[in-house]
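*Asks:* Read in UniProt numbering, the first sequence has 33 at position 33, and its numbers run on one by one without any break.
Treat each hint with caution, since some may be false.
Have a look at the derived ranges for each label pair, beta carbon to beta carbon [to be verified]:
#, residue 1, residue 2, range
1, Val-177, Ser-72, 24 to 34 angstroms
2, Leu-153, Arg-116, 17 to 27 angstroms
3, Val-105, Asp-192, 19 to 29 angstroms
4, Arg-51, Glu-104, 41 to 51 angstroms
5, Pro-111, Pro-85, 40 to 50 angstroms
6, Asp-86, Gly-112, 38 to 48 angstroms
7, Gly-10, Pro-111, 38 to 48 angstroms
8, Glu-144, His-76, 17 to 27 angstroms
9, Pro-189, Pro-85, 31 to 41 angstroms
10, Val-177, Arg-53, 29 to 39 angstroms
Please keep in mind that the hints were generated in silico from the structure rather than gathered at the bench. Keep in mind the model is a prediction, meaning the values are calculated, not measured. Backbone N, C-alpha and C define an ideal beta-carbon position, used for all residues, glycine too.
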Amino acid sequence: MGALADLLDGPVDQVAPRLLGAVLRHGQVAVRLTEVEAYDGPDDPASHAYRGRTARNGVMFGPPGHLYCYLSHGIHTCANVSVGPDGRPSAVLIRAGEVVEGIEVARAFRPGAPDRDLARGPGRLCRALGIRLEHDGTDLARGEVTLTPGGLLDAIASGPRTGVRYAADRPWRHWIVGDPTVSPYRRHPRADSV
DNA sequence: AACAAGATTAACT
DNA sequence: GTTAATCTTGTTT
1 MGALADLLDG PVDQVAPRLL GAVLRHGQVA VRLTEVEAYD GPDDPASHAY
51 RGRTARNGVM FGPPGHLYCY LSHGIHTCAN VSVGPDGRPS AVLIRAGEVV
101 EGIEVARAFR PGAPDRDLAR GPGRLCRALG IRLEHDGTDL ARGEVTLTPG
151 GLLDAIASGP RTGVRYAADR PWRHWIVGDP TVSPYRRHPR ADSV
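Go ahead and model the full structure; you've got the sequences and the hints to work with.
*Replies:* Right, here's the structure in full:
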């Protein structure tokens with residue numbers, strides 16, 4: 001098994017925190033992941049796959065290691081990495097990261113923004129990397145967009161998911177403690193517990 | 001065919 | 001703290 005397959009092997013709630021510190025690359029920009037969030041298909045009311053397969057969420061049902069991209073609020077593209085096994089619709093939302101390569105390019109996308117904000121939040125991160133809706137389904141093993149495992153990290157925290165209305169309190173958001181590029185937590189205005 | 005909601009962000013008061 | 005922006009998708013008529 002390759003390094004990427006090893007990284008993504010297992011239940012999504014175990015895989016998600018392992019993605020912290022990994023590096024996502026597209027074009028000249030690379031981002032070190034500092035915040036991720038797990039979504040587990042059929043048992044997770046917050047997951048786009050909760051009500052079964054649709055045209056949008058098909059990638060979540062496929063094999064691991066592919067990008068699931070969707071448009072949020074008509075404005076922002078958000079990116080997930082599909083997690084196996086094939087047939088189980090799970091994915092990890094890439095919420096934030098630190099630009100570690102191509103920072104001039106990322107800055108050009110958002111003139112005036114502080115460097116730490118360039119990929120701070122799922123919409124901003126996709127913007128920094130130039131990931132758009134048409135990257136939905138991209139195979140991370142094919143090289144256009146790549147994910148490289150990072151090293152072991154000691155200071156990882158977990159907590160409720162950001163912005164979701166249902167099952168917000170499952171502690172499936174994971175982040176690197178103290179990292180300034182982690183996005184601010186915002187609870188959904190009508191978030192349920194459980 | 002029409003409609004409501006949204007895994008967000010920036011710009012307001 | 002509140003709200004507008006903006007459009008795709010899934011659901012309902």
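*Asks:* Next step is simple, just say for each hint if it's right about the structure.
*Replies:* Status of the hints after comparison with the structure:
no.: 1; hint: Val-177 with Ser-72: 24 to 34 angstroms; result: holds, 26 angstroms
no.: 2; hint: Leu-153 with Arg-116: 17 to 27 angstroms; result: holds, 18 angstroms
no.: 3; hint: Val-105 with Asp-192: 19 to 29 angstroms; result: violated, 40 angstroms
no.: 4; hint: Arg-51 with Glu-104: 41 to 51 angstroms; result: holds, 43 angstroms
no.: 5; hint: Pro-111 with Pro-85: 40 to 50 angstroms; result: holds, 43 angstroms
no.: 6; hint: Asp-86 with Gly-112: 38 to 48 angstroms; result: holds, 44 angstroms
no.: 7; hint: Gly-10 with Pro-111: 38 to 48 angstroms; result: holds, 41 angstroms
no.: 8; hint: Glu-144 with His-76: 17 to 27 angstroms; result: holds, 21 angstroms
no.: 9; hint: Pro-189 with Pro-85: 31 to 41 angstroms; result: holds, 36 angstroms
no.: 10; hint: Val-177 with Arg-53: 29 to 39 angstroms; result: holds, 36 angstroms
Hint compliance for this structure: hint 3 alone is broken.
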